[in-house]
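Chains as they are written, first to last, in this note's numbering: chain B, 1 to 301; chain D, 302 to 709; chain L, 710 to 961; chain H, 962 to 1284; chain P, 1285 to 1508.
These are calculated hints, taken from the structure and not from any lab test.
Just so you know, even glycine gets a beta-carbon here, dropped at the ideal spot from N, CA and C.
Where hints are given, some of them may not hold.
[Said to hold, decoys possible] Under 7 Å between C-beta atoms, here's a sample of chain H residues computed to sit facing chain B:
| id | residue |
| --- | --- |
| 1 | 1031 |
| 2 | 1033 |
| 3 | 1058 |
| 4 | 1062 |
| 5 | 1071 |
| 6 | 1088 |
| 7 | 1208 |
| 8 | 1245 |
[Said to hold, decoys possible] Within a straight-line C-alpha distance of at most 30 Å, the following computed BS3-like cross-link-like pairs (lysine-lysine) qualify:
| id | chain 1 | residue 1 | chain 2 | residue 2 |
| --- | --- | --- | --- | --- |
| 9 | L | 878 | L | 770 |
| 10 | D | 441 | D | 610 |
| 11 | H | 1162 | L | 925 |
| 12 | L | 726 | H | 1162 |
| 13 | H | 1162 | B | 99 |
Chain by chain, the residues:
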Amino acid sequence: MTMNIAALALLDGLAYASLLFLVAVGLTLIFGVLGILNVAHGSLYAIGAYATATLGQWLVAQGFNPWLTFPGMIVAAVAVGVLLGGLIERLLLQRIYSKDPVLQLLVTFAVFMILENLQRMIWGVQPYFMSTPLTVLGNVRLLGINYTAYQVLFLPAAALVVLFTLRYFLRHTNMGAQILAVTEDREAATAIGINASRVYFMTFVIGACFAALGGALATPTTSLVTGMGANMIVLSFAVAATAGLGQIEGAAISALIIGIARSFAVYLSPEIEVIMPYLIMVLVLLVRPNGLFGKETVRKI
Amino acid sequence: QDKPAELNIGITTYSSGAASVFGVPARHAAEMLAERINAKGGIDGVPIKLHFIDEGAGLETLLTEYRRLVEDEGMDVMFASISSGVCNKIAPLAEDLEVINFMWDCGTQRILEDDDYDYVFRTQANATPEVLAPLAYLLKHHPEFKTLAVVNQDYAWGRDSWEIFQAALKSQRPDVEVVAELFPAFGAADFSAEVSRLQALQPDVILSTSWGGDLDTFVRQAGQRGLFDQSLFVLPLAESSLQRLGDSLPEGAIVGARGDHYFQHPERRDDPEFKKFNEDFKARTGEYPIYSVYHMVQAFAALEAVYDKAIAANGGAWPEKEQIAEAMAGLEFQGLGRPLSIREDGQAVEAQLVGMTGTSEAFPFKIIKNIEIYDAEPLMAPVGEESLDWIGKFEPGRLDISGTPFEN
Amino acid sequence: MSGHDQGQPLLQAEGLKLRFGGIIAADGINLSLFPGEHLAIIGPNGAGKTTFLNICTGYLKPNAGRVSVGGQEITGRPPRRITRMGVARAFQIPQLFTEQTVLENMLLAGSIRERRWNLLRRLDGIPGRAEMEHLLDLVGCADVRNRLASELPEGKRKLVDIALALALKPKVLLMDEPTSGVASADKFGVMETLMNALREAHVSSVFVEHDMEMVKLYATRVAVWAQGIIQMTGEPEVVLNDPDVIRNVIGN
Amino acid sequence: MKKGLVAFALLLALALLPFAASNMVVFATMVMAKGLAVLGILVLLRADQVSFGHAMFFAAGAYTAAFLTAAWRDIDLILLLVATLAVTGIAGLLIGVFVTRYRGIFFGMINLAFSMVLYSILEKAFHITGGSDGLRIRRPTLLGFEFSRSEFDLVMFYVVLAVAAACCVLVGRYLLSPLGQALRAVKTNETRVEYLGLSAKSVLLTGYVISAMLCGLGGVLMGLVQGLASPEHAFWSRSAELVFIAVLGGQGHIAGAFAGTLVFEWVRTSAAALLDDSWQLILGVTLIAIILWAPGGLIQLWHRLAGRRTSSDRTGSESGVAE
Amino acid sequence: MLALSKVDASINNIPILRDISFTVGPAETVALVGRNGAGKTTLLRTIMGFTTCHGEMRFEGADLRAVDPHRRPGLGIGYAPEDRRLFSRFTITQNILLPAQVAKLGETETASRLERVYHVLPELRDLGPRPAGSVSGGQGKMVALGRALMLSSRLLLLDEPFQGLAPVLAQRYAEALGRLREIDPTLAIIITESNPELLRSFASRTITVERGQIDSDASNERTT
Ligand SMILES: Nc1ncnc2c1ncn2[C@@H]1O[C@H](COP(=O)(O)OP(=O)(O)OP(=O)(O)O)[C@@H](O)[C@H]1O
Ligand SMILES: Nc1ncnc2c1ncn2[C@@H]1O[C@H](COP(=O)(O)OP(=O)(O)OP(=O)(O)O)[C@@H](O)[C@H]1O
Ligand SMILES: CC(C)C[C@H](N)C(=O)O
Ligand SMILES: [Mg+2]
Ligand SMILES: [Mg+2]
């Protein structure tokens, strides 16, 4: 039975971790490049989810093939990421890159407040739901327990695809290299011909798309309610910090750790479930002050 | 006293946050009701004016706003609030500020049981009957269950309601084993681990007093993964989620309504006044009313009734607030369910409606069937007694109570 | 502990070894600095000169070997503890408090030296102020004392960096290329006053230097570094005329 | 000195507030109480450390009051303040020893983690802490006197005013003292701090404890005014709010802490009163406008309006004692 | 090739350069000397577009100020900053290659330019695989120089390239830079240095900067 519980907890943790990773990875990417902890990330997540639900419900209502809700999720996420992310970057962040990092952070906090409010104005306060993708994929039976294929198969697969794409992008593409260079020294990067403001824009938009994608993929399994963004953002902070900020693979692993720890807690000691992510974060940072995979290579003197 | 130019009512309700699923419809109701009252000339000729406070903005802001409304804007009556947590803090404040306060929706039974208040009243039932009625219904309709698991939101209501349910269950069915007590965080987005665990445990009954998005998510995830085939669900607050959940709810789940109100109330549904209200509300918001809407109706009904009563007692003159407060005890008024009355401790006596989910051609979502409406008295701790002590003294069979049954 | 021995070195390194992955930055360094000495370290780039200073001041921990100050072993202690024992350091890349004025930089150094932490006394009212202004004068930075350190040109930064180390009234001063980046018009003047001040205060020094003129003028002894080892040490005239050294370090 | 005079005049004007605008008393009290917590944030901002968890000390202050007033019916206000200073001072020290190892974003995050742990415990330990509904704080006595609600409001106003004024002077002094200035040195070059023989960690720790105590004071006073200790006090967005206000007011300026709180709360309440369900929107827009237009915060704005030289690029010498 | 006329420049609203006018012809090597704080670095940064400036700046006849800073390297201008500014997350080789990659140079072009870099700075071959975050002060200087050489087909701006280099190396680089013009006869170089001795050997002109202004502008007799 204990073996069974462990296996169950692993499966549950996996689905949860996949979502967590998708959201946290955008956060960590933006931080890694722009050096900005984007608090509005949580709102982008929520709005991505709402947009997906709206689009999905419309598709279903119009009698389209329910499988279309899958591309629908991506369309909604990209639309939200590009439009909102693009606007935020162009209208606000552009003006403050040279300023104190604290100011940058606070601008995103202000954006967070605005978006939370707008989201309520647009979608109201009734919970939204769009579970079509979940239904069309059906269930799988593992260890005598019904799981939705969406959660135990599709989400982890999506997370892996994102992980490897992003990894390839950063490591092996020109744009990726430019992103890393700008991250470290904007002036020096400009001096070798890198268009820093384009890099910032691209990165922010990509990060925003991931946030929205996280929301989109969460839609089938959760009710969309006001305040979902505020909760998600702290969790992804915890994931990103545990991993070491800017660490893509690290975010995957720490999302996994946190996700699994959380589901173990549900089985073994439900009381500490909510504290789990923070507990893990404190413990990890205690041993590795720069996070699991963060490193300090720069020689200062 | 001279009649004022207007009667100022301050209302706290959730415009933001998860509980706005109750707050926003209730607010619409309040606006609708105020328009209606003013259209017929107000209360004794005095038009009413509403002022809203968002409970979702946080307790601090709320308390500040509350004081501002009372002290600076001269509210005559306050309706506060939805959340028990807020009521806990508002009640002593209202008493300090000496302003009439109707706790129009919050459930916690403790406030009026623990302290005496001169200015604080509740215009609907409290948690005790709201939880005991579904339990009585369960005991009557599905007495065969042996194991039970609870999945409640982790905050005052989720904890308190479980405490009451558990104490009562123990007194009636000591043999029932509670196999899991899960309290996922308030507003949790994902219940898959909980669902897996429940599948592994296979309890006969799953109780959840959750509401709003949490309940919706839980029900949907449970349904998708076949938990309904395994366990009987008891959802004392699900009446407020019926319209959203569509066919995600199974047939035969036990649902409650936090009182005796339902837009298909078997005793009222053919009543023209009732129908008119529901139609107007639907026209205004696109939804059928849920319990918080009816609770708002009750608060307004109590308001009108108490002013009538106090004015009469005052020889037709406009009453002082002390006279209003005095008139509250024993007040009888009529919302959109059965008639209500206020006890001497300020607590309203309200019947309870419980039933099972079922399908209907008329609505694209589950409706409540096999309704029973319970009288309030046997389910409420008498004045001066605390609910948990009172439940502690339950004899076996104490809850073998039937409500008025309705075929459909 | 026994009393002070005339011949005891102020600073002593024995068998220091340190590698970074495949790179050997120190490979058995033995070196002693005696009172009154001014030791110049020269050598090609990447030879391990800065690394040596980093080990001696506790910034890096050696893989093997030990460092002692005044006979007391200090290997592995953090920089602040070693600094408090009288070993101050100036850096190759200036390390200043960029958001404070030059004078504030100095005053901070002064009050840290005195270790007086009255929470209610203003920094600019500390007793050592005149002394700090004097030091700035000494390195030729009195004119910029009210500028923010971030606004200084590179050359001035190096000088202020040295002044900060001096403010600690050290027994030993370690300097990493003290005048590189200082305009040639100024550098001899500054170095002259600096070395005079050191001699006057009986401060011994170690300085890494690429400018052989400086070495010739101010070093009492020269150590030549190459690939993590000390290739030779000796009097400036001898070392600077050594053909190997000329070929590998000095050029012609 | 001119500055001292201005400060004194301001203090006097404030002391007369209850006579001029009695309906503003509670609002002003809350602004000052919250301003104290912001002052705490400001101390750490000096070292460029942004804590996303300082609301935990705010909450600790409020809960100290809640527990003590529940345990002793007629506990004195003075005792509550002392107890809070002790509790948050010790908590600050214990947590500080741990968190001062971290810098930058990790410092923020580790503080966040601690505060979220506290938040979760406050929410979970339902039977002790009242869960998400929090605890009521009863009115304490002051020097043995009991007060009614409206008297108490007035008393609290003067108590908070006195505490705030004292803290301004003390914190102002501290920031100008060598150890206070060392905070800034830690910000720009920790290596050099170490190489001057000072432990950057202990500089930060001192600042951390002081800031924890300031947040605790803010929390206990706010709790007393509102009669409430709630886990919400420890939620991350509260911490973020405090940081926000500190920057809004003008980093490094003591007056800014209070000016920032005033504007923040004023915008919040008037937005709530003006247009319901849009306070976040209005607040967000206002704050962005201020950040874009006056990145040096309100203080910069003030200097600009007063035609003085912008001080944001030269915060060096002046930090405005008890402005 | 490069012509500045009446250029004023400021950083954060603090005026630093005033009334700078000079021209640099093709194949010319100009030494920029001056005391600390004279404004040498600021002048180079102004050419790269990192300060706020007024006045006229032309590069090969076109208005340079109209060109975005990040497009200036594309015109064939390479810049080695005084304080190195390497990208520490990359290796030395990647640091040197990055400009070519950004400019999307072809493989053969990149290879030939890399050869040129190694020709001037042979030490960089061995340092290649090391992470740029770990190198010593002098090594960092070399990398910065090498990186600038990658892009400089027309103009090379070097800010105190020899500072902190061992004398042998400094001499060797000076010679190598001199030889560079043999390979690339049209390349112009502006080099700042606080040690004018070193420059004598190959700078054709010396511009002295004093307190943000040009103090003198004289051509040197070529000694060798
Ligand atoms: N943190 C580190 N990680 C990896 N390698 C390092 C590190 N620090 C130094 N090195 C290497 O160790 C060697 C010695 O470096 P060091 O800085 O001591 O040289 P140096 O003699 O001071 O040179 P320069 O004259 O250029 O300053 C160099 O090859 C350098 O690349
Ligand atoms: N960010 C800045 N803010 C304010 N002033 C600055 C800034 N950067 C440079 N300055 C000022 O500009 C002037 C010129 O500096 P610059 O760095 O160009 O001198 P330099 O000639 O390169 O000196 P060095 O030989 O020491 O490198 C100096 O007075 C310096 O104080
Ligand atoms: C939604 C409700 C069950 C909440 C309840 N009104 C309370 O007292 O908290
Ligand atoms: Mg070195
Ligand atoms: Mg320079």
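Subject >> Numbered hints the structure breaks, given as an ascending list >> reply: Violated hints: 1, 2, 3, 6, 10, 11; rest satisfied.
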